[in-house]
Amino acid sequence: MSKIKDQFTVRVLSVVRRIPPGRVATYGDVAALAGRPRAARAVGNIMRGCDRPDVPCHRVIAAGGRLGGYGGRELLKRALLLAEGVSIVGTRVQLQQFRVPGAPNRWGKRRARRA
DNA sequence: AATCTGACTGTTG
DNA sequence: CCAACAGCCAGAT
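Here our numbering is used: the first residue of the first sequence is 1, the next is one more, and so on.
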């Protein structure tokens, strides 16, 4: 069976565990907070194996406020978030309002592309 | 060590 | 809004 996880995994679990109720973080946010801003995919993989009750993996969603996955239980994920007070419009979470504090705004400063 | 996989993300059509 | 493509990352085989 597994031994100790890599530091990255430990950090990710730590970050997710610290997401307060009624808040959400995207995979990219968790990855960034864990020190690997481009490892959103890896975070998803870690979440896939998060069976720990102390890790609120349902508060980790996809970019743009989409629900992302939940081991085939996306409906439960949506229900849990709604129960915590997270507002969901259509299939999207209101990130602007419920995104975990401390998440870097990568959408605030994009300079004009094209010359 | 090489290859495949996937609860991701952003760009392009 | 959805589909296809490409880039990125860690874990499993």
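Treat the hints loosely; a few may be bogus.
As the list claims (entries may be wrong) - Okay, the calculated beta carbon distance ranges per label pair: (1) 44 - 101: 35 to 41 angstroms; (2) 91 - 7: 19 to 25 angstroms; (3) 94 - 49: 27 to 33 angstroms; (4) 7 - 84: 25 to 31 angstroms; (5) 105 - 36: 16 to 22 angstroms; (6) 87 - 38: 27 to 33 angstroms; (7) 83 - 54: 14 to 20 angstroms; (8) 72 - 106: 17 to 23 angstroms.
In short, the hints are calculated from the structure, not lab data.
All residues carry an ideal CB built from backbone N, CA and C; glycine is no exception.
Checked hints:
| no. | hint | verdict |
| --- | --- | --- |
| 1 | 44 - 101: 35 to 41 angstroms | violated, 22 angstroms |
| 2 | 91 - 7: 19 to 25 angstroms | violated, 34 angstroms |
| 3 | 94 - 49: 27 to 33 angstroms | holds, 29 angstroms |
| 4 | 7 - 84: 25 to 31 angstroms | holds, 29 angstroms |
| 5 | 105 - 36: 16 to 22 angstroms | holds, 18 angstroms |
| 6 | 87 - 38: 27 to 33 angstroms | holds, 29 angstroms |
| 7 | 83 - 54: 14 to 20 angstroms | holds, 18 angstroms |
| 8 | 72 - 106: 17 to 23 angstroms | violated, 30 angstroms |
Violated hints for the displayed structure, listed by number in ascending order: 1, 2 and 8.
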